[in-house]
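There are 2 protein chains.
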Amino acid sequence: MTLPIAIPFRPIDPKKRLATIMSMEEREGFARAMLFDVIETVIDAGCAPVLLTTDEVSEIDVRVRTIVLNMGLNEALDAFRKEQNGAFGIIMADLALCDKKSVIRLMDTPAEFGIVPGTGGGTNAIYIRDGSAFRAQYYGSSFMKHITWAEEQGYSIEIMDSFRLSTDIDEPDDLVEILIHTKRNTAAYLNQLGFVLHTEEGRVGVRRV
Amino acid sequence: MTLPIAIPFRPIDPKKRLATIMSMEEREGFARAMLFDVIETVIDAGCAPVLLTTDEVSEIDVRVRTIVLNMGLNEALDAFRKEQNGAFGIIMADLALCDKKSVIRLMDTPAEFGIVPGTGGGTNAIYIRDGSAFRAQYYGSSFMKHITWAEEQGYSIEIMDSFRLSTDIDEPDDLVEILIHTKRNTAAYLNQLGFVLHTEEGRVGVRRV
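Protein chains in written order, with our numbering: chain A, 1 to 209; chain B, 1 to 209.
To be clear, the hints were calculated from the coordinates, so they are not data collected in a lab.
Check the hints yourself; a few may be wrong.
The list cannot tell twin chains apart, which means a pair is met if one copy fits it or any two copies do.
Said to hold, decoys possible - Straight-line C-alpha distance at most 30 Å; calculated BS3-like pairs for lysine-lysine:
(1) Lys82 <-> Lys183
(2) Lys145 <-> Lys183
(3) Lys82 <-> Lys100
(4) Lys183 <-> Lys15
(5) Lys145 <-> Lys82
(6) Lys15 <-> Lys82
(7) Lys15 <-> Lys100
(8) Lys145 <-> Lys100
Looking at chain A on its own, in the form it has when it is part of the complex:
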């Protein structure tokens, strides 16, 4: 059976830490562009994306099973896991660097529980073999909370080492990674907004032209 991968998404007023460089409409378009790339990558990896969104998503030009649940992330994932009777995955909608290889590497783990940390102790992606048993514990130091939980369950655990899946896109400085390492929808959207790479004092950054 094709592995379902839940992709939680919040379409309204997302990525607030980018508000210094993008309008709300631009941030919403940016979040949709990243979501689109994540969905396509999940399909490319041979898995079945399930969009878990707090509100209807407009202008998404890809067919994907969508569940609208206007609730918190942990609550939405709890509702999702209750309808699962096998393994599933979770991938955050803003992992703009994700690629087929890294997604397959995680979802093919021989471990009962696979996890990819985000920067600052978050959780960016998960694989769980016994999906219905999962207890989502996002927010705060979710990486350590998920590991502790999996240890308590007695699961075999793989902490997957991936720059592409660990890289969060939250701050203006993070945009540089998208422009360096990808050439997809999100990079095109950033270019369309006028963001380009520039080197200053020996460091690479982005500026808006």
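Place chain B on chain A using the hints.
Structure of chain B alone, referenced to chain A:
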């Protein structure tokens, strides 16, 4: 033959972006602690560390071949590669998250040129099969420069996907990754200075107590 891995190091007044939270003596101790962990990891991975340092390094309690070259990074690596007649690796001395598995994964690449990007377009680690041909192009967008160079040489290239080797330790916020993901000399040194994890507004950070 054991693969030599050059570890470039600058012991004096390092890690300037941490000056807001550490004295110069503390930064020097911190840089040495990271170097120590990197050297031990390289040995653990079955490779031969070669410390390329701008000045003598005091208080390093590990036996390692040391070359003192008071010059720029590119120049020092150019001097180093001229004495090589086979493959070698390069690993930055501040990759505090590096572990045996990620180092082996890079150095065992079947490609002629392996590279791990740093955040912001830098180059954190390299494997090169024909070592004497290498041209170091650090600073600025060195990742893209190294890729372009390797393409011009006609090399097969692997861009290795590793959070542990891609994570730079430059800013105060980066310390959280060391405290979450490692339990070695560097983490102990940070604890000794009073740095601990703390969660605030749902985000994990470090504070000094």
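Hints, verified against the model:
1. Taking the shortest Cα distances, Lys82 and Lys183 never come within 30 Å of each other, neither inside one copy (37 Å) nor across copies (37 Å).
2. Only between protomers do Lys145 and Lys183 lie at most 30 Å apart by alpha-carbon distance; the minimum there is 18 Å, versus 34 Å within a single protomer.
3. In this assembly of identical chains, Lys82 and Lys100 lie within 30 Å of each other by CA distance solely inside one copy; the values are 27 Å within and 39 Å between copies.
4. When the C-alpha separation of Lys183 and Lys15 is checked against a cutoff of 30 Å, the pair qualifies only within one copy, where the shortest distance is 21 Å, while the shortest distance between copies is 33 Å.
5. Only within a single protomer do Lys145 and Lys82 lie at most 30 Å apart by alpha-carbon distance; the minimum there is 20 Å, versus 49 Å between protomers.
6. Only within a single protomer do Lys15 and Lys82 lie at most 30 Å apart by alpha-carbon distance; the minimum there is 29 Å, versus 48 Å between protomers.
7. For the homomeric pair Lys15 and Lys100, the shortest alpha-carbon distance inside one copy (24 Å) is at most 30 Å, but the shortest distance between copies (35 Å) is not.
8. In the homo-oligomer, the alpha carbons of Lys145 and Lys100 lie at most 30 Å apart both inside one protomer (27 Å) and across protomers (25 Å), since each shortest distance falls under that limit.
In summary, the structure is inconsistent with hint 1 from the numbered list given earlier, while agreeing with all the others.
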